[in-house]
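So the chains spell out like this:
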Amino acid sequence: QVTLKESGPGILQPSQTLSLTCTFSGFSLSTYGMGVGWIRQPSGKGLEWLANIWWDDDKYYNPSLKNRLTISKDTSNNQAFLKITNVDTADTATYYCARMDNYGVMDAWGQGASVTVSS
Amino acid sequence: DVVLTQTPSTLSATIGQSVSISCRSSQSLLDSAGNTYLYWYLQRPGQSPQLLIYLVSNLGSGVPNRFSGSGSGTDFTLKISGVEAEDLGVYYCMQATHATWTFGGGTKLELK
Chain C
1 QVTLKESGPG ILQPSQTLSL TCTFSGFSLS TYGMGVGWIR QPSGKGLEWL
51 ANIWWDDDKY YNPSLKNRLT ISKDTSNNQA FLKITNVDTA DTATYYCARM
101 DNYGVMDAWG QGASVTVSS
Chain B
1001 DVVLTQTPST LSATIGQSVS ISCRSSQSLL DSAGNTYLYW YLQRPGQSPQ
1051 LLIYLVSNLG SGVPNRFSGS GSGTDFTLKI SGVEAEDLGV YYCMQATHAT
1101 WTFGGGTKLE LK
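Residue numbers (this note's numbering), protein chains in the order written: chain C, 1 to 119; chain B, 1001 to 1112.
I should point out that these hints are in silico values taken from the structure, not numbers from a laboratory. Any given hint could turn out to be false.
Below, computed lysine-lysine pairings styled on DSSO-like, alpha-carbon distance capped at 30 Å [unchecked claim]:
{"hint": "1", "chain 1": "B", "residue 1": "Lys1079", "chain 2": "C", "residue 2": "Lys45"}
{"hint": "2", "chain 1": "C", "residue 1": "Lys45", "chain 2": "B", "residue 2": "Lys1108"}
{"hint": "3", "chain 1": "B", "residue 1": "Lys1108", "chain 2": "C", "residue 2": "Lys5"}
Label pairs and their computed distance ranges (CB to CB) [to be verified]:
{"hint": "4", "chain 1": "C", "residue 1": "Asn77", "chain 2": "B", "residue 2": "Thr1100", "range": "26 to 34 Å"}
{"hint": "5", "chain 1": "C", "residue 1": "Ala90", "chain 2": "B", "residue 2": "Lys1112", "range": "30 to 38 Å"}
{"hint": "6", "chain 1": "B", "residue 1": "Ser1026", "chain 2": "C", "residue 2": "Ser43", "range": "22 to 30 Å"}
{"hint": "7", "chain 1": "B", "residue 1": "Lys1108", "chain 2": "C", "residue 2": "Gln111", "range": "18 to 26 Å"}
{"hint": "8", "chain 1": "B", "residue 1": "Ala1033", "chain 2": "C", "residue 2": "Gln13", "range": "41 to 49 Å"}
{"hint": "9", "chain 1": "B", "residue 1": "Arg1066", "chain 2": "C", "residue 2": "Ser118", "range": "38 to 46 Å"}
On a predicted model such as this, the values are computed, not experimentally measured, just so you know. Glycine included, every Cβ here is placed at the ideal spot set by N, Cα and C.
Take the sequences, apply the hints, and build the full model.
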């Protein structure tokens, strides 16, 4: 059974760096074709893809946010990470991580972590 | 950038009614290997999105066969043949080409 769970700070102030962790089980990021993606959703709005990381450490970023995003992984501990620098209120959202396969599909999602940026 | 446009934005249906949702892409989603990277997701109220359809027409694991996907190139459709109460929520199409992933704006399915 594949499970993913996101964790984060809950609340942070503008200009700080947001650090998110995705802890997963049921698959390995050392397996060929596996990946983890990050997606966010402001309250009442749609989904926005942020970044992906793959078994071979290949990384892809949303071009509109690329300068602020860093994705990484710890294969031995089944974790993936996302950092967003210089946050502001527009980064307030629920952040999801999802397992991905080599068809590019996000086939299992975490429950989401709520992040609020406020002074 | 690839833009996905979903119509309608809201869909009202009765239980048992068949409905369709359209997803139109600003660029072809067919790659050089012949794969078309178009997917459909359902997000029920208060829940995470769940995969319904991958690669245009393939049902995700455990997805009822009243859901079907079709289309090619830039025009795609999700059909629900006989809406059930558990199908209510927001439907999103998503594409994965040119090393970017993009979601459509969503279609909210509600009871009439």
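In ascending order, which of the hints set out earlier in this document are inconsistent with the structure?
Of the numbered hints given earlier, the structure breaks none, since each of them holds.
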